[in-house]
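Top to bottom, those sequences are chains A, B, C and D.
Its first residue numbered 1, the first sequence is counted upward by one per residue in the UniProt record's numbering.
Its first residue numbered 1, the second sequence is counted upward by one per residue in the UniProt record's numbering.
Its first residue numbered 1, the third sequence is counted upward by one per residue in the UniProt record's numbering.
Its first residue numbered 1, the fourth sequence is counted upward by one per residue in the UniProt record's numbering.
Incorrect hints may appear among the rest.
Which copy? The list can't say, so a pair holds if one copy fits it or any two copies do.
[As the list claims (entries may be wrong)] Here are the computed lysine to any residue pairs in the SDA-like style, where the Cα-Cα straight-line distance is at most 20 Å:
#: 1; residue 1: K217; residue 2: A66
#: 2; residue 1: K231; residue 2: N213
#: 3; residue 1: K5; residue 2: G70
#: 4; residue 1: K164; residue 2: D62
#: 5; residue 1: K204; residue 2: A132
#: 6; residue 1: K231; residue 2: Y150
#: 7; residue 1: K147; residue 2: R225
These are calculated hints, taken from the structure and not from any lab test.
The structure presented is a predicted model; accordingly, all values stated were derived computationally and were not measured.
There are 4 protein chains.
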Amino acid sequence: MDMYKTLREEAWEANMEIPRRKLAIYTWGNVSAFDPALGVFAIKPSGVPYDALTPESMVVVDLDGAVAAGKLNPSSDTETHRVLYREFVRLAGGAPVPVKGITHTHSPYAVAFAQARRPVPVYGTTHADHGAGEIPCTEYMDEESVKNDYELETGNLIAETFRKQGVNPFDIQMVLVAGHGPFTWGKDAAQSVYHAAVLEEVCKMAHITLTLNPEQKPLPDYIIRKHWERKHGDGAYYGQKN
Amino acid sequence: MDMYKTLREEAWEANMEIPRRKLAIYTWGNVSAFDPALGVFAIKPSGVPYDALTPESMVVVDLDGAVAAGKLNPSSDTETHRVLYREFVRLAGGAPVPVKGITHTHSPYAVAFAQARRPVPVYGTTHADHGAGEIPCTEYMDEESVKNDYELETGNLIAETFRKQGVNPFDIQMVLVAGHGPFTWGKDAAQSVYHAAVLEEVCKMAHITLTLNPEQKPLPDYIIRKHWERKHGDGAYYGQKN
Amino acid sequence: MDMYKTLREEAWEANMEIPRRKLAIYTWGNVSAFDPALGVFAIKPSGVPYDALTPESMVVVDLDGAVAAGKLNPSSDTETHRVLYREFVRLAGGAPVPVKGITHTHSPYAVAFAQARRPVPVYGTTHADHGAGEIPCTEYMDEESVKNDYELETGNLIAETFRKQGVNPFDIQMVLVAGHGPFTWGKDAAQSVYHAAVLEEVCKMAHITLTLNPEQKPLPDYIIRKHWERKHGDGAYYGQKN
Amino acid sequence: MDMYKTLREEAWEANMEIPRRKLAIYTWGNVSAFDPALGVFAIKPSGVPYDALTPESMVVVDLDGAVAAGKLNPSSDTETHRVLYREFVRLAGGAPVPVKGITHTHSPYAVAFAQARRPVPVYGTTHADHGAGEIPCTEYMDEESVKNDYELETGNLIAETFRKQGVNPFDIQMVLVAGHGPFTWGKDAAQSVYHAAVLEEVCKMAHITLTLNPEQKPLPDYIIRKHWERKHGDGAYYGQKN
Numbered sequence: 001m002d003m004y005k006t007l008r009e010e011a012w013e014a015n016m017e018i019p020r021r022k023l024a025i026y027t028w029g030n031v032s033a034f035d036p037a038l039g040v041f042a043i044k045p046s047g048v049p050y051d052a053l054t055p056e057s058m059v060v061v062d063l064d065g066a067v068a069a070g071k072l073n074p075s076s077d078t079e080t081h082r083v084l085y086r087e088f089v090r091l092a093g094g095a096p097v098p099v100k101g102i103t104h105t106h107s108p109y110a111v112a113f114a115q116a117r118r119p120v121p122v123y124g125t126t127h128a129d130h131g132a133g134e135i136p137c138t139e140y141m142d143e144e145s146v147k148n149d150y151e152l153e154t155g156n157l158i159a160e161t162f163r164k165q166g167v168n169p170f171d172i173q174m175v176l177v178a179g180h181g182p183f184t185w186g187k188d189a190a191q192s193v194y195h196a197a198v199l200e201e202v203c204k205m206a207h208i209t210l211t212l213n214p215e216q217k218p219l220p221d222y223i224i225r226k227h228w229e230r231k232h233g234d235g236a237y238y239g240q241k242n
Numbered sequence: 001m002d003m004y005k006t007l008r009e010e011a012w013e014a015n016m017e018i019p020r021r022k023l024a025i026y027t028w029g030n031v032s033a034f035d036p037a038l039g040v041f042a043i044k045p046s047g048v049p050y051d052a053l054t055p056e057s058m059v060v061v062d063l064d065g066a067v068a069a070g071k072l073n074p075s076s077d078t079e080t081h082r083v084l085y086r087e088f089v090r091l092a093g094g095a096p097v098p099v100k101g102i103t104h105t106h107s108p109y110a111v112a113f114a115q116a117r118r119p120v121p122v123y124g125t126t127h128a129d130h131g132a133g134e135i136p137c138t139e140y141m142d143e144e145s146v147k148n149d150y151e152l153e154t155g156n157l158i159a160e161t162f163r164k165q166g167v168n169p170f171d172i173q174m175v176l177v178a179g180h181g182p183f184t185w186g187k188d189a190a191q192s193v194y195h196a197a198v199l200e201e202v203c204k205m206a207h208i209t210l211t212l213n214p215e216q217k218p219l220p221d222y223i224i225r226k227h228w229e230r231k232h233g234d235g236a237y238y239g240q241k242n
Numbered sequence: 001m002d003m004y005k006t007l008r009e010e011a012w013e014a015n016m017e018i019p020r021r022k023l024a025i026y027t028w029g030n031v032s033a034f035d036p037a038l039g040v041f042a043i044k045p046s047g048v049p050y051d052a053l054t055p056e057s058m059v060v061v062d063l064d065g066a067v068a069a070g071k072l073n074p075s076s077d078t079e080t081h082r083v084l085y086r087e088f089v090r091l092a093g094g095a096p097v098p099v100k101g102i103t104h105t106h107s108p109y110a111v112a113f114a115q116a117r118r119p120v121p122v123y124g125t126t127h128a129d130h131g132a133g134e135i136p137c138t139e140y141m142d143e144e145s146v147k148n149d150y151e152l153e154t155g156n157l158i159a160e161t162f163r164k165q166g167v168n169p170f171d172i173q174m175v176l177v178a179g180h181g182p183f184t185w186g187k188d189a190a191q192s193v194y195h196a197a198v199l200e201e202v203c204k205m206a207h208i209t210l211t212l213n214p215e216q217k218p219l220p221d222y223i224i225r226k227h228w229e230r231k232h233g234d235g236a237y238y239g240q241k242n
Numbered sequence: 001m002d003m004y005k006t007l008r009e010e011a012w013e014a015n016m017e018i019p020r021r022k023l024a025i026y027t028w029g030n031v032s033a034f035d036p037a038l039g040v041f042a043i044k045p046s047g048v049p050y051d052a053l054t055p056e057s058m059v060v061v062d063l064d065g066a067v068a069a070g071k072l073n074p075s076s077d078t079e080t081h082r083v084l085y086r087e088f089v090r091l092a093g094g095a096p097v098p099v100k101g102i103t104h105t106h107s108p109y110a111v112a113f114a115q116a117r118r119p120v121p122v123y124g125t126t127h128a129d130h131g132a133g134e135i136p137c138t139e140y141m142d143e144e145s146v147k148n149d150y151e152l153e154t155g156n157l158i159a160e161t162f163r164k165q166g167v168n169p170f171d172i173q174m175v176l177v178a179g180h181g182p183f184t185w186g187k188d189a190a191q192s193v194y195h196a197a198v199l200e201e202v203c204k205m206a207h208i209t210l211t212l213n214p215e216q217k218p219l220p221d222y223i224i225r226k227h228w229e230r231k232h233g234d235g236a237y238y239g240q241k242n
């Protein structure tokens with residue numbers, strides 16, 4: 001009996017969305033699924049093509065970075081995921097609730113914004129439906145951090161960027177790491193990869209918008225709030241009640 | 001017996017064109033089909049992915065906004081559709097004839113023009129074949145309207161834009177809502193989604209044209225008229241006689 | 001027995017390449033195949049979607065514009081094809097040899113160059129492999145010609161552009177009609193649609209090139225000649241000998 | 001018994017990746033696989049569409065340019081491949097080790113950089129993961145070389161570019177030939193076509209980056225080194241140990 005079976009299946013299923021949604025070619029993206037009760041997350045093995053993945057090949061890692069189960073090396077970005085599961089926690093009803101899925105891709109429009117080191121302003125409702133503010137872009141990591149513990153420091157850099165800019169990672173569930181690419185997260189692995197697809201589409205739209213009007217200003221805040229609230233606010237009315 | 005069976009099938013079939021034509025990802029677009037005799041339209045349920053849709057899942061709504069049939073919540077954009085069915089009516093042979101299909105998508109090139117708040121001038125015959133003038137872009141909605149009744153006011157904003165600019169919604173069957181995206185319509189649901197695909201292609205062509213020549217002027221009016229008339233005028237000779 | 005069976009099949013097969021190569025959506029492109037011995041060409045019927053086409057649905061038209069066989073209306077661009085079959089003839093071994101296939105599409109990059117009214121300079125060998133000089137763009141047609149006989153005058157405009165610019169239509173088998181889109185031709189219908197796909201790819205490459213360097217100069221003429229000659233010159237050595 | 005069976009299959013398999021990865025349309029790309037022990041490479045036949053290729057149709061050529069096996073003409077770019085197999089050799093453990101696979105494509109973003117004659121700076125980690133420096137672009141070939149022995153001189157031009165710029169062809173396994181397009185190589189045919197796909201993706205990302213910020217500077221060198229080393233350095237930890 002594999003106590004991590006469900007978690008591995010969730011992680012595997014979400015990883016398979018990466019090629020389906022064309023968010024990365026070859027092996028250039030990874031998703032993890034976190035189970036706070038078990039204190040572990042399941043993540044893609046490093047350098048394995050998507051069509052060779054199985055639920056069993058997912059590597060299970062605990063919050064101290066130790067491999068709890070799995071024969072393969074976990075993704076080289078594992079330490080980044082680990083830091084974010086530790087950092088991105090909120091209180092709900094007095095109990096700490098972390099993000100439960102993280103995705104990293106090299107989708108081209110999101111990478112281009114990261115390479116140009118531009119945050120993505122809210123130019124339209126497609127963006128506002130998924131985040132009530134601009135998508136932050138980090139600074140380049142400093143040389144010491146790169147040499148010291150690169151992937152762990154990538155997580156720290158993201159967390160630090162949100163702290164410094166006063167952004168709530170449960171309102172904006174996406175970031176661009178300067179010169180590298182996007183990380184996204186959510187309430188489960190599936191939502192984190194959904195956010196990766198949203199981010200790519202939003203960046204593509206923003207790119208075309210900027211070629212049409214390089215001076216484009218963001219959407220008025222009252223429209224941003226409306227679109228965010230109708231999907232995510234207390235009185236949200238988008239979708240079906242379950 | 002479902003008295004709305006045909007209407008629901010028409011709406012379902014047209015909604016399925018959205019992913020086929022790549023006009024929106026996930027659940028980001030909706031089509032409705034209107035039957036003036038029954039006084040109702042069938043529309044996509046809110047937040048349901050296309051591959052989970054069935055004809056039966058379409059929600060039937062009357063012109064006062066009441067759900068006439070269907071178990072699911074209708075699209076969050078239902079009020080916009082409703083206003084347009086009320087507003088976009090013409091007289092033909094003394095009888096009022098409304099548009100009978102409406103489509104909303106988040107296709108990226110059309111969204112980008114909406115985000116840049118640029119109407120789309122007639123740069124070529126691809127455009128002129130489907131509309132004899134530029135595709136209007138609304139202003140941003142004012143704060144009071146957003147707070148008051150956002151989706152209904154989106155319909156009012158579109159209708160007001162056509163009135164103010166003196167545009168006949170049976171000549172130009174497309175609009176860009178500033179900061180949001182496209183709405184298109186037609187003589188039935190299928191034509192409204194056809195117009196959504198046309199608009200995306202025309203916006204893509206206009207975007208490339210503008211990167212090649214930012215000062216590009218519209219096509220001479222006599223060529224615009226010729227292309228419009230050969231497909232839609234009294235002496236139209238494009239296509240087959242039925 | 002249908003004496004036009006082979007010609008219709010050739011035309012049908014080439015028309016089916018349009019959606020396969022994504023050169024037009026819906027019904028927005030047409031190919032014809034010409035048989036000089038029979039004095040007729042087979043062309044797509046007007047306004048019929050590609051997946052509804054059959055070889056039998058192709059319309060056979062003679063060089064005076066009369067329908068020789070077929071129940072449907074021929075393409076609205078038939079007169080343009082007819083003029084080009086009459087105009088684009090060369091002498092080979094003392095006998096007149098016309099082009100034997102013509103394609104018209106609305107592929108987006110080629111349309112954009114036509115809308116921006118820019119000829120396409122030879123920026124690289126991809127272009128030079130298929131034409132030894134820039135791809136001409138016509139002027140806008142004058143109002144009288146548009147009103148008089150639009151599609152026939154489109155053919156005249158193309159032929160006139162080649163004459164005025166001293167371009168040999170057997171060296172450059174492509175043209176952009178200003179504000180409209182591309183026409184291409186070749187030794188048979190299949191080659192004409194091949195040229196339509198080449199033109200779209202070349203225009204896409206030219207567009208990206210111009211965004212990288214708006215002042216880009218054409219390839220040196222000696223490289224253009226080399227690439228043209230190795231595929232099309234007397235000592236051509238590309239491909240297999242049959 | 002075909003002593004080249006394995007080599008031909010490797011070459012065929014890699015050539016079939018070209019249409020799968022959309023790196024060239026029609027016949028516009030070729031891959032070869034080199035066996036140093038046999039002193040021959042297997043390469044695509046000239047002008048044959050990918051879906052007509054079989055392992056047996058691959059042409060086997062020796063390092064003097066003589067056809068060792070195969071009934072068809074080899075790719076017109078064979079001489080370029082031959083020069084690079086002779087030139088791109090390194091010492092490993094005292095023994096000479098050549099590159100063992102070469103790919104040429106006409107993928108549009110890479111071609112556009114070649115047409116604009118711009119080397120591709122390292123704007124991000126996607127690039128740094130596959131090469132620790134900018135991707136060189138050659139000068140235009142001079143007229144005498146073009147007239148003398150064009151394809152062989154293309155190989156010389158590439159080798160000369162790497163020598164002049166002091167670039168190690170085992171660190172940067174890609175080049176842009178000015179006005180023409182990309183050549184890539186690797187430890188086998190499969191890796192060379194992988195590098196062709198990487199180059200296209202990197203050029204697409206660089207293009208979008210430059211439209212977002214025309215003055216974009218390269219990634220700091222310490223990040224470039226980190227990404228290169230974690231995949232290719234002595235202490236590489238990306239992927240699985242075999």
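Do the hints match the structure? See the list:
no. : hint           : verdict
1   : K217 with A66  : neither (46 Å within a copy, 38 Å between copies)
2   : K231 with N213 : neither (29 Å within a copy, 33 Å between copies)
3   : K5 with G70    : within (11 Å within a copy, 38 Å between copies)
4   : K164 with D62  : neither (28 Å within a copy, 51 Å between copies)
5   : K204 with A132 : within (18 Å within a copy, 28 Å between copies)
6   : K231 with Y150 : between (36 Å within a copy, 13 Å between copies)
7   : K147 with R225 : between (41 Å within a copy, 10 Å between copies)
Hint violations for this structure: numbers 1, 2, 4, all remaining hints satisfied.
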